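Number of protein chains: 4
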Amino acid sequence: MTAELPRPLRGFVAPRVTPLVDRDALDVAGLERLIEHILAGGVHGLFILGTTGEAPSLSYRLRNEVIRRACRQVAGRVPVLVGITDTSFIETIHLAQAAAAAGAQGVVLAPPYYFTAGQSELLAYLEALAPEMPLPLYLYNMPSHTKLVFQPALVRQAADLPNVVGLKDSSANMIYFHELLHLFEGRRDFSLLVGPEELLAETLMLGGHGGINGGANFFPRLYVDLYEAARAKDLDRVGMLHRQVIRISTTIYSVTRDSSSYLRGLKCALSCLGLCDDFLAEPFRRFGEAEREKIRGYLADLKLL
Amino acid sequence: MTAELPRPLRGFVAPRVTPLVDRDALDVAGLERLIEHILAGGVHGLFILGTTGEAPSLSYRLRNEVIRRACRQVAGRVPVLVGITDTSFIETIHLAQAAAAAGAQGVVLAPPYYFTAGQSELLAYLEALAPEMPLPLYLYNMPSHTKLVFQPALVRQAADLPNVVGLKDSSANMIYFHELLHLFEGRRDFSLLVGPEELLAETLMLGGHGGINGGANFFPRLYVDLYEAARAKDLDRVGMLHRQVIRISTTIYSVTRDSSSYLRGLKCALSCLGLCDDFLAEPFRRFGEAEREKIRGYLADLKLL
Amino acid sequence: MTAELPRPLRGFVAPRVTPLVDRDALDVAGLERLIEHILAGGVHGLFILGTTGEAPSLSYRLRNEVIRRACRQVAGRVPVLVGITDTSFIETIHLAQAAAAAGAQGVVLAPPYYFTAGQSELLAYLEALAPEMPLPLYLYNMPSHTKLVFQPALVRQAADLPNVVGLKDSSANMIYFHELLHLFEGRRDFSLLVGPEELLAETLMLGGHGGINGGANFFPRLYVDLYEAARAKDLDRVGMLHRQVIRISTTIYSVTRDSSSYLRGLKCALSCLGLCDDFLAEPFRRFGEAEREKIRGYLADLKLL
Amino acid sequence: MTAELPRPLRGFVAPRVTPLVDRDALDVAGLERLIEHILAGGVHGLFILGTTGEAPSLSYRLRNEVIRRACRQVAGRVPVLVGITDTSFIETIHLAQAAAAAGAQGVVLAPPYYFTAGQSELLAYLEALAPEMPLPLYLYNMPSHTKLVFQPALVRQAADLPNVVGLKDSSANMIYFHELLHLFEGRRDFSLLVGPEELLAETLMLGGHGGINGGANFFPRLYVDLYEAARAKDLDRVGMLHRQVIRISTTIYSVTRDSSSYLRGLKCALSCLGLCDDFLAEPFRRFGEAEREKIRGYLADLKLL
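Chains as they are written, first to last, in our numbering: chain A, 1 to 305; chain B, 306 to 610; chain C, 611 to 915; chain D, 916 to 1220.
Just so you know, the hints here were simulated from the structure itself, not pulled from any lab data.
No experiment lies behind these values; they were computed from the predicted model shown.
You may find that some hints are simply not true.
Unchecked claim - When the alpha-carbon atoms are kept at most 25 angstroms apart in a straight line, the in silico SDA-like pairs for lysine to any residue are as follows:
no. : chain 1 : residue 1 : chain 2 : residue 2
1   : B       : K452      : A       : K303
2   : C       : K843      : D       : Q1159
3   : A       : K303      : A       : S254
4   : B       : K452      : C       : S864
5   : C       : K757      : D       : K1062
6   : B       : K608      : A       : E179
All chains, please: the whole structure from these sequences, using the hints.
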């Protein structure tokens, strides 16, 4: 069985964390449990090696192992997208090839994030890279981590390059997202997906194709339900589910004020639920017992524990 | 007749531009025409001397004249809110007193914006200022211009101070706005209003009380209709009107790439429509003929010209 | 006796704090004591109503009083420069006229700091403003507070406008400063002065004309000595005095981590030394007893107490 | 013959570009010529795989080849420092091991630059990493590219970890640098080196140990002379050489306004001088003929061509 990648990709995609027992060792059993948990929630796709997957913190050996194991485990039940963002063009190509070889359905690319490239430099970069892609390519707008924005005009040009089929926006800037939706009104095969789950409801109600949101690791059904409610134009139900998402955001992801709070809270929740280990690769570290206790309380409030 | 200021203020408020014929001279006839045009569109309130009103660029003499003329012209038909943001505590008090004396219904305050105050300093500032207010006070979150954010925790504390009744958020950060809505779920008398019109649709559908959006200067009916459609839970109509708002944003407000493009485009459109002069106070200047020609075309496309 | 304003202005200028007993009331005796203390240190000029003078936080009435009292007290012994930065063109003109009427020798202007003007807008602003100046005008580059930079190319153009005679750079960006020195190598009548005292030594050794540094309020002799040592090319003495400046910066100005730490520490030190009150206008507040105790210790270490 | 790494490292170190003929192919002859050219200029060390070396843009295979070839070519004539910055802890370790195996004398590390780690997370990262280092470790403060600052308090703590021997500061913030010099006054074995060449003169005159500056690729003697003049306290000669450095900065590095202008100008100059190819790895590209013509003119003005 092989998942097909619809054009446009539409639906709710889970950006899977990478379960670890050490900085270079997977929690293999946890990874399998987690994938089954997520798929049981009804998601329409799986995204591995993104920001939530801590990809930049992992060795290349481990990233390759993650790709192989995830594709084998999913076994075509839903499309698998693989993050291939890298500061080196060559390493990005290698990751894309590994994704294709393992049977993934698409790749996801943020800008090279050490140097500060201008828009014309980014376009030239995409012009060189896109034709080399063995799989459909989603752009990944993530300015807080990459310092760079794929500006709307650039996205419009990039959409005409071979293999470029959509964009995931994690800028949290809905004006930008609405401008993209406006620009692509006539291009019905180009997917526009949102990263921050706090913005999923409005994205779906105002024309976006879907979301790729971290909470799906522990509570996939919530986000799938929100997607379905928006499709059904059930505004009351959208509002109710949206408020649950905001509750998760203001509790589980906000235990500390560090920018690592989201990832640490997410992995801690997965560990509390018995899904996988909460080890984090450098530069982050798992929560201590005090924070874990809080997370447990939040999960109980959500009736997940 | 006197407008009442409902608690919470709910609806669509127009942030009026300040029609000028010179840097220290009002376009008096334009000001009167503009107010009638806006009120004819059915707005629920008028906000003067905000960012769209170029308040910081005007002399204090002119600001006082603007307050008196606007209140007299509106004559209680809708509530009038007056921007009193200033780097000097004393001058802020003076502006609030002028607003009360002229018969305005509320005042709007962004943080003092030269020095970079911390959150506890901002709270102390509000604790000193709020009790002095002769009118209900709306906070104005405007980080791009003030460098400062009224963080959610601070807003929550400020809401317990005397006279503080709501917040206008112009951060364009919907995660922040959703967090505020979440924090104030139990406080039904506190208004949460959005600044950027591109975010009005989602604000209204997900629990916000209204918007204060510049496009209402030339096309008030559009925003009032959007407000009504959202109240009626008519998702299709909300989407259709929202797309018109985005079209305005990507055309009339985007003729140049400067950060002044919004204000210059807005005043130019008002001038094209014969509503008022397009003079801008320093540091900005009106558009030239080439940009004006574009604006005229956009207005024609919108069937406003 | 009237101070002459040399071209270029060369030397060490003290940016005086504004001694207050309340938010709208001067510490008149403190102001007089402070001016005498500073002049006794041998400074070559006095700058009032700058950032260190908390100008944006003061009412216009008080700013006018400050101008009159300072000019009267200095009585031509050194040139007096007056900060006229304002978001309103008209109010800037009023402040410049007040400075001229009181007998000041120059005015100092940062960009209007609410709206984000582009470089060409800033140039047009200066082209309109400069000819209206009744006194020689110094530009004031202060991006941390104004969000705007007077880029080198703009400064080069502005230097050809009437009345523009120099620039104070508080960007703390020495690459910018060196680029300005390079651009003005052939223009010997244009002053380039540095704001942060931590950068005074290198400024003087590498071609800058002088400094306008806050520490001169309590320890004017240190900065004047550093200026003289640099003029004498006494590198060892420059290094020794520079290390004292850094010691002040890392102690008296660094008691807290807020951005207000410099101003609060400075006024606290003046109060400990019996020179003037340490009241600060909103949005800042004076230090408490714990911080005051630390400042006292630092002053004792410096043998000032 | 083996270079010794003095404690503290003191002098002028050249951050070598990586000569390329394609994105994954070295210009081997150019690399050899370039190293000989640099060493002939009298530099005290060579730094490879830094920002100027485009390290993050290169494949790991190529980075390893660069390490081996550079160490073999230098053959112990001066110490070789190797950049090992990576977002992955494991890959950083691999690079450090390769550096040690090839005979390098030290390694240089900026923070992992995708995620935004806090200061305590950075400290924990260094606590885990430093003991694993097979060579002395220099920290590399480079906030414009990494988004993170090694704050002075963190540097002070890190200096007590095994293998940590110094810091290269490319922040261009001299207040930060002076604060570090102040903090390390008593620690005479810790090197403080500056990155931007525009700041080399003041660094050397006010207590810094040296510089690691890109201009040394084409004009090593200039920077070595500046170092010697500062050691000799010859303030006039320092000023004259400093002005030449600023001239290079405002011409060769400033042909365009992109942030890639420095690297493109530098490689173009090397190509004009016949030292190596000017190919740049993605996301950057070599200059075209128009810019090259300008660079040639600048080199002629400097009497290098």
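| query | CA of C/K757 to CA of D/K1062, is that 25 angstroms or under? | reply | This hinted pair holds, its Cα atoms lying about 19 angstroms apart.
| Distance restraint between B/K608 and A/E179, which requires alpha-carbon spacing of 25 angstroms or less | With a Cα-Cα distance of about 21 angstroms, the restraint between B/K608 and A/E179 holds, given a limit of 25 angstroms.
| Are the Cα positions of B/K452 and A/K303 separated by 25 angstroms at most? | violated, 40 angstroms
| request: Decide if the proposed pair is consistent with the structure: C/K843 and D/Q1159, CA atoms, cutoff 25 angstroms inclusive. | output: Given that 25 angstroms is the threshold and the Cα spacing comes to 20 angstroms, the pair holds.
| When you check the alpha-carbon spacing of A/K303 and A/S254, does it fall within 25 angstroms? | Holds. A/K303 to A/S254 sits at ~19 angstroms (cutoff 25 angstroms).
| task | For the pair we were handed, B/K452 and C/S864, check the Cα-Cα distance against 25 angstroms. | result | Roughly 22 angstroms separates the two Cα atoms, so the pair holds.
Figure legend: structure checked against the earlier numbered hints; the only hint not met is number 1.
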